[in-house]
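Sequences are here, hints too, so could you generate the full structure?
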Amino acid sequence: MAFQKAVKGTALIGGGAIATVFGLSQFSQYRNKHGTFVHVQAAEAVTVPIKNHFPTREQQILALQTTGEFDVLVIGGGATGCGCALDAVTRGLKTALLERDDFSSGTSSRSTKLIHGGVRYLQKAIMKLDFEQYKMVKEALEERANLLEIAPHLSAPLPIMLPVYKWWQLPYYWFGIKLYDLVAGSQCLKSSYVLSKSRALELFPMLRKDELVGAIVYYDGQHNDARMNLAIALTAARYGAATANYTEVLRLLKTTEAASGKERVCGVRCRDVLTGQEFDVKAKCVINATGPFTDSVRKMDDQEVPNICQPSAGVHIVMPGYYSPDNMGLLDPATSDGRVIFFLPWEKMTIAGTTDSPTDVTSHPIPTEEDINFILNEVRNYLSVDVEVRRGDVLAAWSGIRPLVTDPNSKDTQSISRNHVVTISDSGLVTIAGGKWTTYRAMAQDTIDAAVQAHDLKAGSSKTIGLQLQGAEDWSPTLYIRLVQDYGLESEVAQHLASTYGDKAYEVAKIAQVTGKRWPIVGKRLVSEFPYIEAEVVYGVKEYARTAVDMISRRTRLAFLNVQAAEEALPRIVDIMGKELNWSEQKKKEELEAAKKFLYYEMGYKVKSDQLTDSSEISLLPSDIERYKKRFHMFDKDKKGFITILDVQRVLESISVQIAENTLHEILNEVDLNKNGQVELNEFLQLMSAIQKGHVSGSRLAVLMKTAEENLRQRGVIPVDRSGGGL
Numbered sequence: 001m002a003f004q005k006a007v008k009g010t011a012l013i014g015g016g017a018i019a020t021v022f023g024l025s026q027f028s029q030y031r032n033k034h035g036t037f038v039h040v041q042a043a044e045a046v047t048v049p050i051k052n053h054f055p056t057r058e059q060q061i062l063a064l065q066t067t068g069e070f071d072v073l074v075i076g077g078g079a080t081g082c083g084c085a086l087d088a089v090t091r092g093l094k095t096a097l098l099e100r101d102d103f104s105s106g107t108s109s110r111s112t113k114l115i116h117g118g119v120r121y122l123q124k125a126i127m128k129l130d131f132e133q134y135k136m137v138k139e140a141l142e143e144r145a146n147l148l149e150i151a152p153h154l155s156a157p158l159p160i161m162l163p164v165y166k167w168w169q170l171p172y173y174w175f176g177i178k179l180y181d182l183v184a185g186s187q188c189l190k191s192s193y194v195l196s197k198s199r200a201l202e203l204f205p206m207l208r209k210d211e212l213v214g215a216i217v218y219y220d221g222q223h224n225d226a227r228m229n230l231a232i233a234l235t236a237a238r239y240g241a242a243t244a245n246y247t248e249v250l251r252l253l254k255t256t257e258a259a260s261g262k263e264r265v266c267g268v269r270c271r272d273v274l275t276g277q278e279f280d281v282k283a284k285c286v287i288n289a290t291g292p293f294t295d296s297v298r299k300m301d302d303q304e305v306p307n308i309c310q311p312s313a314g315v316h317i318v319m320p321g322y323y324s325p326d327n328m329g330l331l332d333p334a335t336s337d338g339r340v341i342f343f344l345p346w347e348k349m350t351i352a353g354t355t356d357s358p359t360d361v362t363s364h365p366i367p368t369e370e371d372i373n374f375i376l377n378e379v380r381n382y383l384s385v386d387v388e389v390r391r392g393d394v395l396a397a398w399s400g401i402r403p404l405v406t407d408p409n410s411k412d413t414q415s416i417s418r419n420h421v422v423t424i425s426d427s428g429l430v431t432i433a434g435g436k437w438t439t440y441r442a443m444a445q446d447t448i449d450a451a452v453q454a455h456d457l458k459a460g461s462s463k464t465i466g467l468q469l470q471g472a473e474d475w476s477p478t479l480y481i482r483l484v485q486d487y488g489l490e491s492e493v494a495q496h497l498a499s500t501y502g503d504k505a506y507e508v509a510k511i512a513q514v515t516g517k518r519w520p521i522v523g524k525r526l527v528s529e530f531p532y533i534e535a536e537v538v539y540g541v542k543e544y545a546r547t548a549v550d551m552i553s554r555r556t557r558l559a560f561l562n563v564q565a566a567e568e569a570l571p572r573i574v575d576i577m578g579k580e581l582n583w584s585e586q587k588k589k590e591e592l593e594a595a596k597k598f599l600y601y602e603m604g605y606k607v608k609s610d611q612l613t614d615s616s617e618i619s620l621l622p623s624d625i626e627r628y629k630k631r632f633h634m635f636d637k638d639k640k641g642f643i644t645i646l647d648v649q650r651v652l653e654s655i656s657v658q659i660a661e662n663t664l665h666e667i668l669n670e671v672d673l674n675k676n677g678q679v680e681l682n683e684f685l686q687l688m689s690a691i692q693k694g695h696v697s698g699s700r701l702a703v704l705m706k707t708a709e710e711n712l713r714q715r716g717v718i719p720v721d722r723s724g725g726g727l
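Residue numbering for the sequence shown follows full-length UniProt numbering, beginning at 1 and increasing consecutively.
In case anyone wonders, no lab produced these hints; they're calculated from the structure.
Incorrect hints may appear among the rest.
[Stated by the list, open to error] Listed next, the in silico BS3-like pairs over lysine-lysine satisfying Cα-Cα at most 25 Å (straight line):
hint	residue 1	residue 2
1	706	630
2	579	589
3	94	254
4	524	588
5	284	262
6	706	637
7	510	524
8	51	458
9	606	588
10	178	197
[To be verified] Okay, the calculated beta carbon distance ranges per label pair:
hint	residue 1	residue 2	range
11	386	571	37 to 43 Å
12	275	386	55 to 61 Å
13	584	709	44 to 50 Å
14	368	491	38 to 44 Å
15	327	131	45 to 51 Å
16	56	638	57 to 63 Å
17	662	302	53 to 59 Å
18	621	380	22 to 28 Å
19	619	213	37 to 43 Å
20	273	199	51 to 57 Å
21	618	327	41 to 47 Å
22	128	48	42 to 48 Å
23	665	424	56 to 62 Å
24	262	131	43 to 49 Å
None of the values given here were measured: they were computed from a predicted structure.
Beta carbons: idealized from backbone N, C-alpha and C, even for Gly.
As structure tokens, this is what we get:
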């Protein structure tokens, strides 16, 4: 009876909502169909020639220094800034872009990796009859379809499951998700569907079974955000935009109009961060697309202008791939504090997030233990009791800053806009702020439209709809097979190269080193458990990577997938980059330290270290303590109270096992809390206690010592690879 009432009530509400949305969608569909020809032909109307290769960074800096005046100068190399540069240059405008760090070094590389319209925003639009929210969702769904089309190698549809634990929620959520499909219209990726309890558990076996009623599956897009951002920047460069990373804007240049006496922004004074050289870049129009740093650039123009950016921090964590199916995400629509949590497969790992809390604007946001534990607790609520969700399984964690804005043109200046806002100051500075990753292209189009009108630039309409990005032109789902057959790459490595570089994967394969093995013929991995190869570091330098951090976080995604693996790969990455960029030994040392600091603070290594410190509590039963002491003294034969590499080597030799000395250094260093080159008994007991509590997992020393104890009788092989555990 309760279920029937729930269905009837929801049907009435949902029926009215469907009628409302259907009417709005029909209008939008009519408008879209009316403009279909323009939509399809936009990219084909580009008359600007595209180069086969993008210029070097040195050539780009020279272009910035020697060009008399650009039509458009964009500040900011995130998704929106690069989108603005691509939109402007393909309209035939002389375009420049400056980024003080690396492309996508901020928010654009720290997203949830989804290309989506926003299910929760549609819910608000219907419940509050908010047409602006509806338009935002509609626009995002249109942009989702376009993004999947223009970069198919970097993006793909992803089914997302919404588990239902109360009968009345089933029709409620079903109507909501069907409305989402309806708003997408002809651009719906795949139709949503309902699953029975047994079918839901078959597709997502890790799901909590108790009280599960069923599930609803809908589709959104997923992408490699940093690589997508880079693809936009490289495409703009190939069309002729002078784009330069590590080029900081110091101040805005202004001139006084003779007729009106008004000051107008006419360019910027900037500095090449890598060389320290300062120079001016003149432009008819300057665009501020700096995300969370929007207000700092606005204040360069006018110190008195009020802030419009309301920064919000979102933390994500990465866990081993076994926490989720290979091709099915999970949505928690109502967490304990009302937020939404996604639990998604990504790059063969599992990503979970995000949080939403006020923060200060910083270039180096740090994930907190509180946020990490909040996400873990929410994950525990949805996973089976058979799956132990361990703090030690967090492989990486990061925080990204969302640049939410208040519209300065709105009467209610305190109201935060979830949409984007384009403003033009009295001196002509164009600012684009707010919005979301998915709508970067539409945001760029609106920005350049406003710039063209405000500065009387000679340009036509936007031509970026359907405009393929770097790597998309000759990509196909079977491209990786050619890489395997023609170059002798491992299948996993070939698939990774194809899905990262698209048709440019051949260029990476051509410079891959011979392994000296029967198979694979070429392609030396940076670390054993990830498909990244050394040739990508060489190619990454061509893609404007200039620091080790660029390489581990944005050219490859190692830092976002496993910080320990990233740290392990760093020495080799620094060596290769050093050769390509002629680094001195001192410079290589500085790069190594800077990258380790980045991993420690920004990617969650610090919170890993905090799980096992010299003040960690030892919570073990007396019987466990005796057992672990006995294991420890197998290695500490002299009863010194500590073990060294020599002690470990002696035991390994006795069972005919050899492990490279540098590997043993790494293994002991993971547990050597006071960094004195030895592991003391107390440190070992702290480690075993942390493992029992789930705070630490995958400790190679613990695995080695346990296996050695067993193998003293059996003479087996001791595994020392990471076991899937993490931070």
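Hints, verified against the model:
no., hint, in the structure
1, 706 with 630, "holds, 11 Å"
2, 579 with 589, "holds, 14 Å"
3, 94 with 254, "holds, 19 Å"
4, 524 with 588, "holds, 21 Å"
5, 284 with 262, "holds, 15 Å"
6, 706 with 637, "holds, 16 Å"
7, 510 with 524, "holds, 13 Å"
8, 51 with 458, "holds, 23 Å"
9, 606 with 588, "holds, 23 Å"
10, 178 with 197, "holds, 20 Å"
11, 386 with 571: 37 to 43 Å, "holds, 40 Å"
12, 275 with 386: 55 to 61 Å, "holds, 57 Å"
13, 584 with 709: 44 to 50 Å, "holds, 47 Å"
14, 368 with 491: 38 to 44 Å, "holds, 40 Å"
15, 327 with 131: 45 to 51 Å, "violated, 35 Å"
16, 56 with 638: 57 to 63 Å, "holds, 59 Å"
17, 662 with 302: 53 to 59 Å, "holds, 56 Å"
18, 621 with 380: 22 to 28 Å, "holds, 25 Å"
19, 619 with 213: 37 to 43 Å, "holds, 39 Å"
20, 273 with 199: 51 to 57 Å, "holds, 54 Å"
21, 618 with 327: 41 to 47 Å, "holds, 42 Å"
22, 128 with 48: 42 to 48 Å, "holds, 43 Å"
23, 665 with 424: 56 to 62 Å, "holds, 58 Å"
24, 262 with 131: 43 to 49 Å, "violated, 37 Å"
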